[in-house]
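Now for the letters of each chain:
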Amino acid sequence: MAVIYSIDLQWIFGYLPDDIPFVIKVNIMMTIIFFVFAIFFVGFIVLLRLYKIFRNRKKEEQRLLLEDLLNSYLFDEDFDKERELKKFKDEHLNKSLEIKIAIKEILLFHSNIKGESAIQLRELFLRWKLDEFCKKQLADRAWYSKSRALFSLSEMLIKVDLEKIKPLLNHKQDEVRQQAQLYFIKLAEDNPLEFLDHIDKPLTLWEEIFIEDALKNEYHGPMPDYSNWLHSLQNSVVEFAIRMIAKFNQFENISELLPLLDHPSEEVRREAIRSLSALEHQEIIDLLISKFETETNLVKKTILDAIKHLGGYNDLLMLKDKMQDNEWDLKIKYYSIAQDFLPEKKQSIYTQYEKEKALLL
Amino acid sequence: MGITFDDIANIASWLFLVYGILICLGYLFSAIFSIFEIRDYKRSNNYRDEIALLQASELPPVSILAPAYNEGLNIVENVRSLLTINYPSFEIVIINDGSKDDTMQRLIDEYDLEKQDYLFHYFIKTKTIRGVYKSKNTAFKNLLVIDKENGGKADALNTGINVCSHDIICCIDVDCILEYDAMLKLIKPFLNDRKKVIASGGVIRVANSCVIEDGRILEVRLPEKFVARVQVIEYFRAFLMGRMAWSRVDGLLLISGAFGMFDKQIAIEAGGYNHNTVGEDMELLVRMRRMMREKNIPYKVGFVPDPLCWTEVPQSWEILKRQRNRWTRGTAETLLLHKKMIFNPKYGVLGLLSTPFWLFFEWMAPLIEFSGTVFFIFLLWFGLISWKFFFTFLFVVYAFAVLFSITALFFEEYSFQQYKKPKYIFKLIGTAFLEPIVYHPFVMWAAVRGNWDLIIGKKSWGEMTRTGLSNSSKK
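These protein sequences, in sequence, are chains A and B. The first sequence runs 1 to 361 under this note's numbering. The second sequence runs 1 to 475 under this note's numbering.
Keep in mind that the hints were calculated from the coordinates and are not lab data. Glycine is no exception: its CB is placed at the ideal position from the N, C-alpha and C atoms. One thing to keep in mind: the hints can contain errors.
Stated by the list, open to error - With the C-beta cut set under 10 Å, the calculated list includes, among others, these residues of chain B facing chain A: (1) Leu53; (2) Asp117; (3) Gln265; (4) Phe395; (5) Val402; (6) Phe404; (7) Leu409; (8) Glu413.
What the hints assert, rightly or not - Simulated pairs of lysine-lysine, DSS-like, Cα-Cα distance not exceeding 25 Å: (9) A/Lys346 <-> A/Lys322; (10) A/Lys333 <-> A/Lys357; (11) B/Lys134 <-> A/Lys345; (12) B/Lys134 <-> A/Lys331; (13) A/Lys333 <-> B/Lys141; (14) B/Lys42 <-> B/Lys420; (15) B/Lys136 <-> A/Lys308; (16) A/Lys114 <-> A/Lys216; (17) A/Lys333 <-> B/Lys136; (18) A/Lys322 <-> A/Lys308; (19) A/Lys201 <-> B/Lys195; (20) A/Lys59 <-> B/Lys420.
The task is simple: from the sequences and hints, build the whole structure.
Pasting the structure below:
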């Protein structure tokens with residue numbers, strides 16, 4: 001404590017009585033500081049709560065106004081479009097929050113309707129110049145503005161110079177990259193996966209799920225030939241292309257898939273087996289049986305799945321002696337498939353497995 | 001020159017002061033990291049709904065493992081709630097850990113179960129499995145029930161790992177209430193990272209007094225009892241400030257046993273849950289991370305800031321004491337088992353930041369706090385400090401504790417604002433002012449007792465009687 005006493009911090013505590021020892025002054029100061037901060041945060045919590053209540057109320061009011069307007073705009077034949085839309089724009093689309101709510105509401109309507117009404121909504125989006133607002137957001141430095149803008153523009157099918165979007169395919173933020181990918185697909189007329197040639201980071205399975213969903217539901221052009229990406233430098237792209245070949249039944253690409261059973265990547269080999277199996281290409285059974293012994297554990301599991309799907313009990317039997325003594329996960333899969341092939345012998349197969357277990361353990 | 005009593009008192013005073021400052025700095029940094037993490041998460045999730053993805057066939061199937069011990073009262077309802085989980089492909093694996101009540105019989109009767117010749121292997125050594133059951137009713141085809149000899153929660157979970165079919169496992173408490181999109185959110189880190197993700201966890205919330213219907217939270221309410229309400233603030237501090245910050249620096253050491261997802265193969269390779277510790281959830285994650293690090297395999301642990309799972313917290317002081325006693329022993333046992341990692345640069349953030357933090361500010365904190373209090377009283381007793389100093393210092397500590405809780409409340413208000421009614425937030429603020437006086441000394445004492453029990457070799461979990469959410473507020 002002696003050291004503390006020796007420090008002259010009188011100037012800080014000048015307003016406290018001189019006869020109070022220094023350490024007590026420190027304690028008093030710290031208590032006050034902590035309490036001030038605590039009270040500051042309490043005030044902040046109350047303000048935040050009030051702000052959120054006010055903001056939510058404002059959002060709700062704006063949303064209800066928009067809902068009424070959009071319903072009339074889309075479904076009321078007597079609705080005076082020119083006058084009412086202009087009036088709404090002048091009165092209710094001045095602040096950033098109001099514009100954001102309008103965009104969100106139009107997108108919500110747009111996701112629930114199709115055909116002529118969807119086109120009308122797009123026209124409204126343009127008439128209110130919401131596209132310009134989105135384009136400004138796209139140029140914003142904040143990543144979340146960019147990704148939100150990409151989302152809105154792609155949902156409303158508003159074309160932007162692709163050269164502006166391309167750099168965003170490799171943006172450091174996942175959300176921006178993903179929205180840029182989806183923008184390419186939704187706006188594409190004939191080559192929805194062109195962007196795959198421009199990405200420099202592997203696709204994640206999450207992104208692939210979104211891409212597949214967009215290809216199925218948002219893209220209306222001719223389906224691309226997925227074999228174009230079977231030799232991509234990105235293994236994730238190759239895996240995705242293999243999967244899509246099966247998903248979109250591109251039987252003509254089977255011959256392109258076969259060499260991939262020897263690909264250096266374990267995941268690519270697994271994906272190739274899965275797709276060939278999904279395409280019912282029975283000719284691979286013998287090939288898979290011959291490869292089984294030298295494959296990794298994961299690929300072996302995939303081969304067993306393929307045999308279950310394409311082969312029969314006799315094919316399965318060929319693998320029995322090709323499993324190592326300690327590959328219990330494979331053995332379980334093997335016996336379980338055997339039970340599926342021969343349901344009437346379920347009990348004896350189980351006994352057989354138990355015997356093998358007793359013998360090896 | 002000999003060391004005088006005054007010198008010792010001086011040195012001790014300085015040590016306590018330095019410790020206090022370090023702990024304040026630790027909390028400050030964790031608050032800063034957390035606020036950035038919450039902000040980024042909110043920004044990335046506020047404009048699109050990912051629920052449509054629940055239709056995607058590419059989502060990997062998940063095995064949901066739920067151990068049950070003497071849960072006869074609520075097991076049927078809890079399993080029914082689990083069966084309604086919103087996810088395209090999953091199996092529910094209930095592990096009856098040698099219950100002494102009628103848990104198993106109730107399951108058999110209600111779900112029309114029959115014993116199967118089920119193929120499995122003891123990848124991890126566990127107690128004997130008496131039987132594996134599946135339902136004759138196809139409506140419950142996702143349900144698998146394992147009946148085994150009693151071996152504790154860790155052993156039950158290991159049994160589930162041995163028997164389940166899928167590569168991703170989700171370990172949960174059987175009476176947990178999950179958010180409708182909890183599984184989708186929890187699996188996202190596994191699918192959306194370029195590194196191998198070995199585990200992911202989410203924010204756990206307090207379900208006491210909430211209105212629940214068909215296994216879903218209908219209305220979030222603040223617990224009526226003080227002891228449960230104060231745990232709401234504790235959970236805010238732990239999840240919104242603690243784990244959020246650790247997640248940002250990839251230093252998470254704990255995924256709550258109430259709801260966590262793991263890569264099955266990695267869990268098996270690491271040896272599964274350790275049944276020699278009462279902190280099996282923390283120990284497994286630390287061991288998995290240690291193994292990955294030692295094998296030099298790049299990996300990640302995901303953390304989802306959203307509230308995904310609601311659980312019942314102790315409503316009685318006695319049960320709370322047992323729980324905190326156990327948590328302390330669990331933390332200490334884990335750190336002792338992995339002492340090699342502490343201050344070891346080979347383990348990166350885990351070695352240089354996470355494990356030392358847990359050692360000094362989680363395990364040792366109650367001990368240092370307790371000894372500091374005793375030391376302070378001792379100094380006062382012998383007239384080495386004045387009453388004025390004693391009380392002003394207590395005020396500093398009190399003010400800091402209040403500030404810490406209020407900051408956590410602010411984080412909740414900023415992020416998820418689950419407690420919508422304004423009266424709840426005022427109640428919580430009031431609770432934050434009472435917590436350091438009424439609650440904190442109690443949990444500190446429970447933790448000190450936990451350390452004592454650790455020294456004398458106590459291994460038991462202690463009975464964890466739950467009021468049962470179904471009995472209180474389910475509609």
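Here is what the structure says about each hint:
no.	hint	verdict
1	Leu53	holds, 6 Å
2	Asp117	holds, 4 Å
3	Gln265	holds, 9 Å
4	Phe395	holds, 4 Å
5	Val402	holds, 5 Å
6	Phe404	holds, 9 Å
7	Leu409	holds, 6 Å
8	Glu413	holds, 5 Å
9	A/Lys346 <-> A/Lys322	holds, 22 Å
10	A/Lys333 <-> A/Lys357	holds, 14 Å
11	B/Lys134 <-> A/Lys345	holds, 19 Å
12	B/Lys134 <-> A/Lys331	holds, 21 Å
13	A/Lys333 <-> B/Lys141	holds, 19 Å
14	B/Lys42 <-> B/Lys420	holds, 18 Å
15	B/Lys136 <-> A/Lys308	holds, 24 Å
16	A/Lys114 <-> A/Lys216	holds, 16 Å
17	A/Lys333 <-> B/Lys136	holds, 22 Å
18	A/Lys322 <-> A/Lys308	holds, 16 Å
19	A/Lys201 <-> B/Lys195	holds, 12 Å
20	A/Lys59 <-> B/Lys420	holds, 17 Å
In summary, the structure agrees with every hint in the numbered list given earlier.
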